[in-house]
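Asker: From first to last, the protein sequence lines stand for chains A and B.
To convert, take the position in the first sequence, counting from 1, and add 84; that gives this note's numbering.
To convert, take the position in the second sequence, counting from 1, and add 278; that gives this note's numbering.
No lab work stands behind these hints: they were computed from the structure.
You can trust all of the hints, since none of them are fake.
Looking from chain B toward chain A, a few residues come up when the C-beta cut is under 10 Å (computed): (1) Phe333; (2) Ser420; (3) Thr641.
Ranges between beta-carbon positions, derived for each pair: (4) A:Thr220 - B:Gly384: 49 to 57 Å; (5) B:Ala487 - A:Ser117: 40 to 48 Å; (6) A:Gly180 - B:Glu657: 40 to 48 Å.
All C-beta atoms, glycine included, are put in the ideal place defined by N, C-alpha and C.
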Amino acid sequence: MKKHSLILLASLLASPMALAEVVVIGHTSGPDSITQNQVRDIYLNRSQQLPDGQKARPFELPEGNSARSEFHDKVTGRNDAQLKAFWSQQVFTGRGQPPVEQGNAAAMKATVASTPGSIGYLDAADVDGTVKVILTP
Amino acid sequence: MKTCFRLAPLALAITVGSAMAQSNDEAVAQMQQQLNAMQQQLNSVKTDRVRFNGFFSTGYSRASNDAGFSGVTDETSIADQSLLALQGTFDVTEKSQAVMQLVGRGSEDWDPVIEWAYLSHRPTNDLQLRAGKMRLPLFMYSDSLEVGYSQTWARTPAAVYDPVAIQSYVGADATHTLNFDGSSLTTQVFTGFTEEEGNISEVELRNTAGLTLSWTDYLWTVRGVAATAETSINATRLAAIAEANGLQLVDGQAVLADEERGNFFGIGLGYDDGTWQVISEVTRVEVDGAFADTDSAYLSVARRFGAFTPYAVIGWVESQDNDERNGAFLAQSSSGAVVPAAPESVLNTRRDEYSAGVRWDITPGVAIKADITHVRGFEGSAGGLNPAFVLTNDHNSTNIYTLKLDSAF
Numbered sequence: 085m086k087k088h089s090l091i092l093l094a095s096l097l098a099s100p101m102a103l104a105e106v107v108v109i110g111h112t113s114g115p116d117s118i119t120q121n122q123v124r125d126i127y128l129n130r131s132q133q134l135p136d137g138q139k140a141r142p143f144e145l146p147e148g149n150s151a152r153s154e155f156h157d158k159v160t161g162r163n164d165a166q167l168k169a170f171w172s173q174q175v176f177t178g179r180g181q182p183p184v185e186q187g188n189a190a191a192m193k194a195t196v197a198s199t200p201g202s203i204g205y206l207d208a209a210d211v212d213g214t215v216k217v218i219l220t221p
Numbered sequence: 279m280k281t282c283f284r285l286a287p288l289a290l291a292i293t294v295g296s297a298m299a300q301s302n303d304e305a306v307a308q309m310q311q312q313l314n315a316m317q318q319q320l321n322s323v324k325t326d327r328v329r330f331n332g333f334f335s336t337g338y339s340r341a342s343n344d345a346g347f348s349g350v351t352d353e354t355s356i357a358d359q360s361l362l363a364l365q366g367t368f369d370v371t372e373k374s375q376a377v378m379q380l381v382g383r384g385s386e387d388w389d390p391v392i393e394w395a396y397l398s399h400r401p402t403n404d405l406q407l408r409a410g411k412m413r414l415p416l417f418m419y420s421d422s423l424e425v426g427y428s429q430t431w432a433r434t435p436a437a438v439y440d441p442v443a444i445q446s447y448v449g450a451d452a453t454h455t456l457n458f459d460g461s462s463l464t465t466q467v468f469t470g471f472t473e474e475e476g477n478i479s480e481v482e483l484r485n486t487a488g489l490t491l492s493w494t495d496y497l498w499t500v501r502g503v504a505a506t507a508e509t510s511i512n513a514t515r516l517a518a519i520a521e522a523n524g525l526q527l528v529d530g531q532a533v534l535a536d537e538e539r540g541n542f543f544g545i546g547l548g549y550d551d552g553t554w555q556v557i558s559e560v561t562r563v564e565v566d567g568a569f570a571d572t573d574s575a576y577l578s579v580a581r582r583f584g585a586f587t588p589y590a591v592i593g594w595v596e597s598q599d600n601d602e603r604n605g606a607f608l609a610q611s612s613s614g615a616v617v618p619a620a621p622e623s624v625l626n627t628r629r630d631e632y633s634a635g636v637r638w639d640i641t642p643g644v645a646i647k648a649d650i651t652h653v654r655g656f657e658g659s660a661g662g663l664n665p666a667f668v669l670t671n672d673h674n675s676t677n678i679y680t681l682k683l684d685s686a687f
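Go ahead and model the full structure; you've got the sequences and the hints to work with.
Answerer: This is the structure we're talking about:
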């Protein structure tokens with residue numbers, strides 16, 4: 085009982101700090117690292133390639149998700165409305181489709197873990213060995 | 279010894295605990311593996327072969343008079359400003375796609391029209407080949423002309439976007455992208471033909487050939503375009519105005535160009551740092567014959583304040599070949615006599631546009647825009663607007679008030 089409450093306390097203490105750190109993750113067979121500009125280019129449809137030459141398959145968390153806001157704040161510098169306007173322009177001019185959205189952190193982790201060439205982002209606290217951290221922006 | 283006994287149960291507990299934890303871990307790892315395998319199968323099935331997207335606009339515009347800027351008069355209805363589009367993107371193979379876009383416009387009784395229908399193929403990462411019906415890429419925003427949500431403005435600056443009455447062509451293009459460190463150069467060549475009936479005229483372009491070059495470092499964008507075509511233009515509105523005045527234009531009088539050489543040149547400049555957005559385009563349209571050759575330009579400045587983006591645009595269009603229109607359009611009067619119906623100079627064009635507006639991003643996917651546009655400086659020309667109104671009334675300006683909702687989904 086005491087152990088449980090300690091864990092609870094620890095997680096309560098840890099979570100605000102963990103929230104402040106988003107990490108870029110990839111499939112375990114993918115490259116070990118990537119630059120912030122390379123991630124930005126993939127998420128803004130400027131590049132479709134991972135550093136190792138594989139076709140990149142980017143994934144996104146839903147609008148309003150705190151890890152998503154933090155990721156875009158640090159990497160693409162665009163908010164949800166700007167991203168929406170940007171992608172509507174890309175989609176309706178035939179230039180590309182936005183990254184596929186995953187419903188939550190668990191789905192993001194599972195999809196990145198199971199999709200070769202995948203790239204995604206998670207709160208550092210949600211990461212485990214099924215995916216590889218390739219950048220801490 | 280005592281300590282030993284005391285420690286033994288603890289050691290046992292730790293061993294048992296870790297053994298249990300280990301078997302738990304194994305079970306979780308196994309389940310995770312199974313889950314991954316299932317997920318992988320799922321992903322390979324659904325790879326998003328078909329995607330649907332759409333956009334919608336509606337709004338209300340009212341003009342201070344019937345000069346007809348952007349087709350807006352003092353009795354334009356909401357339906358006239360509305361449109362709904364659906365786009366389907368079908369992955370044929372990993373490198374090929376079919377794209378179709380259907381647009382229904384309130385001004386056309388919502389009859390769906392196919393605006394895009396093309397096959398695209400990417401033989402390499404840098405090269406895209408397309409064939410089918412596409413937008414004529416004359417302007418920076420040609421491709422997304424009707425996607426109001428993707429633009430800051432309530433409407434594209436008319437001084438530049440209106441002199442070319444056509445939007446689409448049937449043909450093929452090739453787009454090559456050269457990526458540098460932090461910037462890219464996109465080269466596009468296109469060829470094809472067009473036959474379109476607009477509100478003002480019927481336009482036919484044959485053997486169109488064009489080139490666009492666009493360089494961007496994702497902060498600045500510089501774009502150049504040159505295109506040429508055998509151009510035929512039938513001024514249907516002119517004939518209609520004559521007819522409304524009891525005059526039948528002599529056959530062929532409304533034909534402003536009959537397979538004449540038509541050229542288009544444009545330079546565009548854009549800057550967008552996420553806060554400030556500055557855009558300018560300068561264009562020239564040249565067609566041999568009576569059709570007005572025009573030079574146009576606009577400059578737009580916008581600044582984002584959170585969800586609000588106020589903007590200001592100034593635009594200008596002026597015909598450069600007024601001295602070639604000294605004759606008259608001839609008509610058959612009811613008595614059978616051939617009489618001059620209107621001087622050719624009704625095609626002369628000059629106007630200045632001033633727009634001020636604001637875009638409000640209510641929520642991602644929906645934006646509302648309010649815009650006031652003031653148009654003046656006709657200097658005795660019809661200003662590219664409705665000549666029957668502008669030339670016969672004292673008004674030397676027109677105001678257009680617009681409230682618009684744009685959405686993309």
